[in-house]
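There are 2 protein chains.
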Amino acid sequence: MKTSKIPEATIIRLSVYSRFLTQVDQRGVVTISSGEIAEGVGVSPAQVRKDLAYFGEFGTRGVGYNVKDLHRHIMKILGLNTHWPVVIIGAGNLGTALSMYGGFRERGFKIVGIFDNDPQKVGYKLNGVMVYALNDLEKVMKEENVQIGIVAVPAHHAQEVANILVETGISAILNFAPKVINVPKNVEMRNVDLTVNLEILTFNLGLSKDKH
Amino acid sequence: MKTSKIPEATIIRLSVYSRFLTQVDQRGVVTISSGEIAEGVGVSPAQVRKDLAYFGEFGTRGVGYNVKDLHRHIMKILGLNTHWPVVIIGAGNLGTALSMYGGFRERGFKIVGIFDNDPQKVGYKLNGVMVYALNDLEKVMKEENVQIGIVAVPAHHAQEVANILVETGISAILNFAPKVINVPKNVEMRNVDLTVNLEILTFNLGLSKDKH
Numbered sequence: 001m002k003t004s005k006i007p008e009a010t011i012i013r014l015s016v017y018s019r020f021l022t023q024v025d026q027r028g029v030v031t032i033s034s035g036e037i038a039e040g041v042g043v044s045p046a047q048v049r050k051d052l053a054y055f056g057e058f059g060t061r062g063v064g065y066n067v068k069d070l071h072r073h074i075m076k077i078l079g080l081n082t083h084w085p086v087v088i089i090g091a092g093n094l095g096t097a098l099s100m101y102g103g104f105r106e107r108g109f110k111i112v113g114i115f116d117n118d119p120q121k122v123g124y125k126l127n128g129v130m131v132y133a134l135n136d137l138e139k140v141m142k143e144e145n146v147q148i149g150i151v152a153v154p155a156h157h158a159q160e161v162a163n164i165l166v167e168t169g170i171s172a173i174l175n176f177a178p179k180v181i182n183v184p185k186n187v188e189m190r191n192v193d194l195t196v197n198l199e200i201l202t203f204n205l206g207l208s209k210d211k212h
Numbered sequence: 001m002k003t004s005k006i007p008e009a010t011i012i013r014l015s016v017y018s019r020f021l022t023q024v025d026q027r028g029v030v031t032i033s034s035g036e037i038a039e040g041v042g043v044s045p046a047q048v049r050k051d052l053a054y055f056g057e058f059g060t061r062g063v064g065y066n067v068k069d070l071h072r073h074i075m076k077i078l079g080l081n082t083h084w085p086v087v088i089i090g091a092g093n094l095g096t097a098l099s100m101y102g103g104f105r106e107r108g109f110k111i112v113g114i115f116d117n118d119p120q121k122v123g124y125k126l127n128g129v130m131v132y133a134l135n136d137l138e139k140v141m142k143e144e145n146v147q148i149g150i151v152a153v154p155a156h157h158a159q160e161v162a163n164i165l166v167e168t169g170i171s172a173i174l175n176f177a178p179k180v181i182n183v184p185k186n187v188e189m190r191n192v193d194l195t196v197n198l199e200i201l202t203f204n205l206g207l208s209k210d211k212h
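Protein chains in written order, with UniProt numbering: chain A, 1 to 212; chain B, 1 to 212.
Because the hints were derived from the structure by calculation, they are not lab data.
Be careful, since some hints might not be right.
Only pairs whose alpha carbons sit at most 25 Å apart, straight line, appear in this in silico PhoX-like list of lysine-lysine [as the list claims (entries may be wrong)]: (1) B:Lys110 <-> B:Lys142; (2) B:Lys121 <-> A:Lys125; (3) B:Lys125 <-> A:Lys121; (4) B:Lys142 <-> A:Lys179; (5) A:Lys5 <-> B:Lys50; (6) A:Lys76 <-> B:Lys179; (7) B:Lys5 <-> A:Lys50; (8) A:Lys179 <-> B:Lys110; (9) A:Lys110 <-> B:Lys179; (10) A:Lys121 <-> B:Lys121.
Given the sequences, and given the hints that come with them, work out the whole structure.
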């Protein structure tokens with residue numbers, strides 16, 4: 001895992017701030033204070049200022065932040081001032097669901113191909129996205145200048161698929177298979193653990209039970 | 001959002017520690033130090049000790065933690081010393097993918113029903129899980145003692161489905177729709193944002209580009 005001085009929690013909050021700023025901007029608001037951002041997203045004003053301070057000086061004391069400027073700046077920090085072509089490996093239910101997930105498109109991620117070895121799927125379109133054979137991965141990645149791959153295959157195929165992505169020159173992998181996969185240090189890797197979200201809920205259910 | 005003194009990041013790490021302890025236990029290890037846990041999961045030993053200290057005294061100075069005891073204790077903290085029946089609303093690709101996600105079962109979450117109003121799906125089984133009409137939600141929730149519901153419908157139906165879950169007496173909702181939904185304060189809510197994971201990757205890709 002790469003270490004940088006910016007905590008991951010800050011990056012996640014920047015993503016939340018930018019969504020909130022999009023809404024605020026659409027309502028025609030021109031300037032906003034850290035307190036208003038804090039209230040809008042449910043963190044403390046000090047946290048907002050601390051998160052933004054990692055990236056230099058923003059805003060004017062007593063006036064606040066210009067909404068459009070701050071939004072543009074955060075999007076640039078997140079690397080979202082550009083479009084990212086993405087490939088998905090696995091045309092099963094999860095791969096299909098991810099290919100049509102509206103949240104990706106909204107933030108500039110475009111699924112340019114789904115890869116699978118099932119001959120009943122290859123050559124057909126899923127929600128407007130072509131399903132290719134894995135053999136075509138290198139060709140599509142080059143043509144579309146793809147740096148990000150999503151692994152959406154069963155756990156027992158995850159490492160094998162990650163190896164293929166690495167050999168084909170991927171820069172970053174998002175792994176949805178509930179299995180740890182290993183990649184070289186120069187490849188960015190992130191495991192999405194869907195279960196941990198349920199565990200935060202059960203922890204909180206325990207807390208609220210204790211209260212009553 | 002409910003506020004408690006335990007940071008959410010700590011809960012997420014407890015979940016990671018418990019998975020690591022499961023593996024360590026399976027290898028027959030009896031005691032483990034905070035340093036070994038730290039190395040195994042990629043955080044600092046001080047962080048491990050700080051996270052565990054929220055929940056009282058563990059371990060023996062100079063000896064470390066008993067693996068089985070610590071694992072059992074963390075699972076109890078997370079509310080995972082019991083099985084949780086879960087319903088999924090939406091029998092589309094995402095609902096189907098979630099119903100067969102192996103990670104849920106491993107941690108004691110059991111999908112007891114998928115609910116949808118599509119007559120072509122109701123009455124059939126998906127990966128061994130029955131698809132019911134939404135009208136049957138109350139009956140199934142009572143019979144199976146369900147407290148947790150997963151929203152896996154398109155964004156424009158998410159609020160409507162959340163309202164139905166709330167009216168039926170759900171305690172906690174995990175929302176996969178890329179849309180903020182509102183629930184009463186006594187219902188635990190968690191939005192799963194699949195896009196933020198890609199944004200952490202693009203942020204890190206930007207960092208590594210700056211380095212070269």
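Exercise for the section: Quick one: which hint numbers does this structure break? Sort them smallest to largest. Expected result: Number 4 only.
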